[in-house]
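> Residue strings, one per chain:
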Amino acid sequence: MARNQVLIEGRVSRAAQLRQSPAGIPIARFVLDHYSEQTQAGMRRQSRLRIAVIAAGTGLAEQAGRLERDDGVRVSGFLSRADSRSGDQRLVIHAEHIEYTGLEGSGD
Amino acid sequence: MPNQSTATYVRVALPCPLYRSFDYRLDPVGGAAPGCRVRVPFGRRSLVGVILESSPRTELRADQIKPVSEVIDARPLLPPDLLALLHWAAGYYHHPVGEVFAQALPALLRQGRPAAIEQTRCWQLSPAGRAIDPAGLGRAPRQAALLAWLAGCPDGADREQLQARDLYRPDALKALVAKGWVKELTATPGLTPPQPGGTAPELNPAQATAVQAVAEHTGYGCFLLDGVTGSGKTEVYIRAIEQALAAGRQTLLLVPEIGLTPQLMQRLRARLAAPLVILHSGLSERERLNAWVAARDGAARIVVGTRSAVFTPLPEPGLFIVDEEHDPSLKQQDGFRYSARDLLIWRARQQDVPILLGSATPSLESLYNADQGRYQRLHLPSRAGTASAPALKLLDIRGQPLREGLAEPLIGAMHRHLERGEQVLLFLNRRGFAPTLICHECGWVAACQRCDSHLTLHQGRGRLHCHHCDASQPVPVQCPECGSPDLRGLGYGTERIEQTLQALFPGHTCLRIDRDSTRRKGQLETLLERAQSGEAQILLGTQMLAKGHHFPGVTLVGILEADQRLFSSDFRASERLAQLIVQVAGRAGRAERPGTVLIQTHHPDHPLLRRLVGEGYSAFAEAALAERRETALPPYASLALLRAEATGREAPREFLEQAHTLAQQLSGPEIEFWGPVPAPMEKRAGRYRAQLLIQSPERAALHRLLRHWIPTLAESPAARRIRWSLDVDPVDTY
Numbered sequence: 001m002a003r004n005q006v007l008i009e010g011r012v013s014r015a016a017q018l019r020q021s022p023a024g025i026p027i028a029r030f031v032l033d034h035y036s037e038q039t040q041a042g043m044r045r046q047s048r049l050r051i052a053v054i055a056a057g058t059g060l061a062e063q064a065g066r067l068e069r070d071d072g073v074r075v076s077g078f079l080s081r082a083d084s085r086s087g088d089q090r091l092v093i094h095a096e097h098i099e100y101t102g103l104e105g106s107g108d
Numbered sequence: 001m002p003n004q005s006t007a008t009y010v011r012v013a014l015p016c017p018l019y020r021s022f023d024y025r026l027d028p029v030g031g032a033a034p035g036c037r038v039r040v041p042f043g044r045r046s047l048v049g050v051i052l053e054s055s056p057r058t059e060l061r062a063d064q065i066k067p068v069s070e071v072i073d074a075r076p077l078l079p080p081d082l083l084a085l086l087h088w089a090a091g092y093y094h095h096p097v098g099e100v101f102a103q104a105l106p107a108l109l110r111q112g113r114p115a116a117i118e119q120t121r122c123w124q125l126s127p128a129g130r131a132i133d134p135a136g137l138g139r140a141p142r143q144a145a146l147l148a149w150l151a152g153c154p155d156g157a158d159r160e161q162l163q164a165r166d167l168y169r170p171d172a173l174k175a176l177v178a179k180g181w182v183k184e185l186t187a188t189p190g191l192t193p194p195q196p197g198g199t200a201p202e203l204n205p206a207q208a209t210a211v212q213a214v215a216e217h218t219g220y221g222c223f224l225l226d227g228v229t230g231s232g233k234t235e236v237y238i239r240a241i242e243q244a245l246a247a248g249r250q251t252l253l254l255v256p257e258i259g260l261t262p263q264l265m266q267r268l269r270a271r272l273a274a275p276l277v278i279l280h281s282g283l284s285e286r287e288r289l290n291a292w293v294a295a296r297d298g299a300a301r302i303v304v305g306t307r308s309a310v311f312t313p314l315p316e317p318g319l320f321i322v323d324e325e326h327d328p329s330l331k332q333q334d335g336f337r338y339s340a341r342d343l344l345i346w347r348a349r350q351q352d353v354p355i356l357l358g359s360a361t362p363s364l365e366s367l368y369n370a371d372q373g374r375y376q377r378l379h380l381p382s383r384a385g386t387a388s389a390p391a392l393k394l395l396d397i398r399g400q401p402l403r404e405g406l407a408e409p410l411i412g413a414m415h416r417h418l419e420r421g422e423q424v425l426l427f428l429n430r431r432g433f434a435p436t437l438i439c440h441e442c443g444w445v446a447a448c449q450r451c452d453s454h455l456t457l458h459q460g461r462g463r464l465h466c467h468h469c470d471a472s473q474p475v476p477v478q479c480p481e482c483g484s485p486d487l488r489g490l491g492y493g494t495e496r497i498e499q500t501l502q503a504l505f506p507g508h509t510c511l512r513i514d515r516d517s518t519r520r521k522g523q524l525e526t527l528l529e530r531a532q533s534g535e536a537q538i539l540l541g542t543q544m545l546a547k548g549h550h551f552p553g554v555t556l557v558g559i560l561e562a563d564q565r566l567f568s569s570d571f572r573a574s575e576r577l578a579q580l581i582v583q584v585a586g587r588a589g590r591a592e593r594p595g596t597v598l599i600q601t602h603h604p605d606h607p608l609l610r611r612l613v614g615e616g617y618s619a620f621a622e623a624a625l626a627e628r629r630e631t632a633l634p635p636y637a638s639l640a641l642l643r644a645e646a647t648g649r650e651a652p653r654e655f656l657e658q659a660h661t662l663a664q665q666l667s668g669p670e671i672e673f674w675g676p677v678p679a680p681m682e683k684r685a686g687r688y689r690a691q692l693l694i695q696s697p698e699r700a701a702l703h704r705l706l707r708h709w710i711p712t713l714a715e716s717p718a719a720r721r722i723r724w725s726l727d728v729d730p731v732d733t734y
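Order-wise, the sequence lines are chains Y and E. At position 106 of the first sequence the residue is numbered 106 (the UniProt record's numbering), and the sequence of numbers has no breaks. At position 208 of the second sequence the residue is numbered 208 (the UniProt record's numbering), and the sequence of numbers has no breaks.
In case anyone wonders, no lab produced these hints; they're calculated from the structure. Here the structure is a predicted model, which is why all the values come from computation and not from measurement. Ideal Cβ placement from N, Cα and C applies to all residues, glycine included. Don't take every hint at face value.
Computed footprint of chain Y on chain E; a stretch qualifies when at least three of its residues, placed anywhere within it, have a C-beta under 8 Å from a C-beta of chain Y [what the hints assert, rightly or not]:
id: 1; segment: 440-452
id: 2; segment: 456-463
id: 3; segment: 629-637
With beta-carbon atoms standing in for the labels, derived distance ranges [said to hold, decoys possible]:
id: 4; chain 1: E; residue 1: Val445; chain 2: Y; residue 2: Met1; range: 26 to 34 Å
id: 5; chain 1: E; residue 1: Glu682; chain 2: Y; residue 2: Leu18; range: 37 to 45 Å
id: 6; chain 1: Y; residue 1: His34; chain 2: E; residue 2: Val445; range: 48 to 56 Å
id: 7; chain 1: Y; residue 1: Met1; chain 2: E; residue 2: Gln333; range: 47 to 55 Å
id: 8; chain 1: Y; residue 1: Arg50; chain 2: E; residue 2: Arg398; range: 52 to 60 Å
id: 9; chain 1: Y; residue 1: Leu18; chain 2: E; residue 2: Gly522; range: 48 to 56 Å
id: 10; chain 1: E; residue 1: Pro409; chain 2: Y; residue 2: Leu18; range: 25 to 33 Å
With the hints as extra help, turn the sequences into a complete structure.
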């Protein structure tokens, strides 16, 4: 099976909204801002992105639901397109693990 | 009786789908007149049928004819006028005569039981039993179930009613009687003594004129009582019934649905000091037969019933009434598809009795007949008492942000009315939480496997339901296409709006009244009482709320969606929409405070909505009639619809093609055919459906064709491979 694995750190720029699927599965969605410095072609450069994180299922969704704005998080999971209407361009991270990394100073 | 002494043969209507009657020999000769039931051998079975004619001759050879096994009735069960009505109905609707007769009789009579009133044992909660909480009877679940159910039956329940719900347990009943919680009585189901005590309000001049017009009339006459909502049509009925009672005559009153009109029944019982019986599908078979016999023997002076009550024999008819004459549920929609209104008009003419058709929104057919001078129109132009007509307003919701289906101006108006201590009624003709379940990620939609339709999400029960075939399944935990758990309800049903209202108006109680919230017996009555007492301030419901209820505290009505029917393929859709809007709007401002009606729409410039809101139902009806004339649709033409369905897609179409070819050979240019075409929802409950519409400006020409065509079709080999039906004067063309 083709691999699809993401590990990313950042801060919460929009706190999670917690809701339930019609079948009763809790689903949380929050937005993560990432900023880092990376190496490319032997040179230093910036990496900056904003991406939504979906955390579904008992436990994980509630954990995500407790996150507040500016909380630092480490999320691991996989990427998938956000919805069929916006085509294949917009992506979200579906979380498998979320780790609270403390209140960070603003990255930028 | 003519021929009775010499009758050797009888012609019998038997409950079978054949377009004919059957001859049998009477042994001994005589002793049975038309209208008597007989038991006869039919193939290997024994059937109960009704004698249509007796005759000294038959066309059958002596060795072909079988004898009657038993004459059930010593004197005719059905009087000649009813035999004539059923005969005519079988001819007009081109339906097998035996099935027509079977439909007209209560089930116990179809089974050959005697036409006599019988007492039965029944069980009723005692005052001590009312005080018991069934939940506390943990170790006696059957007793608890009985207590809980009997709590909803103030008149008690008999064995048949308990058995129908699998609650009949003699031991449990005995135990409850021993504890003094339940009383065992003998009762005559279906017959309750009159309980008058109501006072008569003063008639306004229009009501008085209407009552007088009916009173001064002798013999047949059809009156169209065209009275705006809240104008006191019921009071006119009551006065007219009183006159019939005083003249020693019986009244037959047809209503669309009795379960939806407990208030009408209460008023009739409170005001009319005469034996009244009710006939509808919610009765036990014993109740139904007792009521039927009481009507036939003249003991019941007033008969109120749903459409099949049109077949109740009455020895002394004096007045016929059809309430909400525009209502499509007066037309039977399966089997023998008859219009109870139209049959009652025919019966009125035949029995030389006046008939009163009442509605705030008369059907276009009836308005047309009034214009032609066939009916006398009686106007009730204003509301009874001090109430004034509600003001209708269109609320343009194009580009407006909606909060879960509610526009801001509507929410604002609700706040203002609620703060003044008034009630608000919201109307949405869609039950469930959301009409569609969609996968947010891949766009998959939950569809019914057996119908061309989406499944409705019922959040409270955690199930998906098909509102067309009643299939049901649990809500899936993930999308069957892409696996995402993120499934969402798309669109709004009453269940969802109820949640929204609870969030928006936490200080007010909201009642949801739809088929889901009123499944159990007595629930509708309870909810209506809570609505009328003012205990709940927000009433939310489907068309169950639209019919005939009186909510004096409601001053604001919101119609959440008017657009659904604006673009329907059915030519009657606009008429139905206008009737529904006017009926729902009529719930507002029925007491001293004026009412407001807000209609949310994406089509505020639609000519139909504009005319209805600006000029009222009469102006709408006039324009709609002009349109019908231009397009040569009823009442300017007669229609019949031939429907066919089968598990395969081709068979219905092939049958209709053959039927079409045959019909063209039998008819002239005055008949037009549309189709065959697939039905608007082609697949339903696993069957493919197609239809052929037959149309003619001349009713007689249409019926000439049907008379030859339909029996031939019934015999054709293609008819055996599919299910088919004929609908004369269809109320829905799909």
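> With a cut-off of 8 Å between beta carbons, are at least three residues of the segment 440-452 of chain E near chain Y?
holds (count 4)
> Are there at least three residues in the segment 629-637 of chain E whose beta carbon sits under 8 Å from a beta carbon of chain Y?
Answer violated; 0 residues pass the 8 Å Cβ test.
> I want to verify a distance hint. Is the separation of the beta carbons of Met1 of chain Y and Gln333 of chain E within 47 to 55 Å?
This hint holds: roughly 54 Å between Cβ atoms.
> Could you see if the CB distance from Pro409 of chain E to Leu18 of chain Y stays within 25 to 33 Å?
holds, 31 Å
> For the range 48 to 56 Å, tell me whether the beta carbons of His34 of chain Y and Val445 of chain E fit it or not.
Roughly 35 Å apart at Cβ, these two residues miss the hinted range, so it is violated.
> So the hint says 37 to 45 Å: do the beta-carbon atoms of Glu682 of chain E and Leu18 of chain Y match that?
holds, 42 Å
> Holds or violated: 48 to 56 Å for the Cβ distance of Leu18 of chain Y and Gly522 of chain E?
For Gly522 of chain E against Leu18 of chain Y, whose Cβ atoms are near 39 Å apart, the range 48 to 56 Å is violated.
> Counting residues of the segment 456-463 of chain E that have a beta-carbon nearer than 8 Å to any beta-carbon of chain Y, does the count reach 3?
Coverage by chain Y holds for the segment 456-463 of chain E (3 residues, Cβ < 8 Å).
> Within 26 to 34 Å or not, the Cβ separation of Val445 of chain E and Met1 of chain Y?
holds, 28 Å
> Between Arg50 of chain Y and Arg398 of chain E, is the Cβ distance one that fits in 52 to 60 Å?
violated, 33 Å
In this structure, the earlier hints numbered 3, 6, 8, 9 are contradicted, and the remaining ones agree with it.
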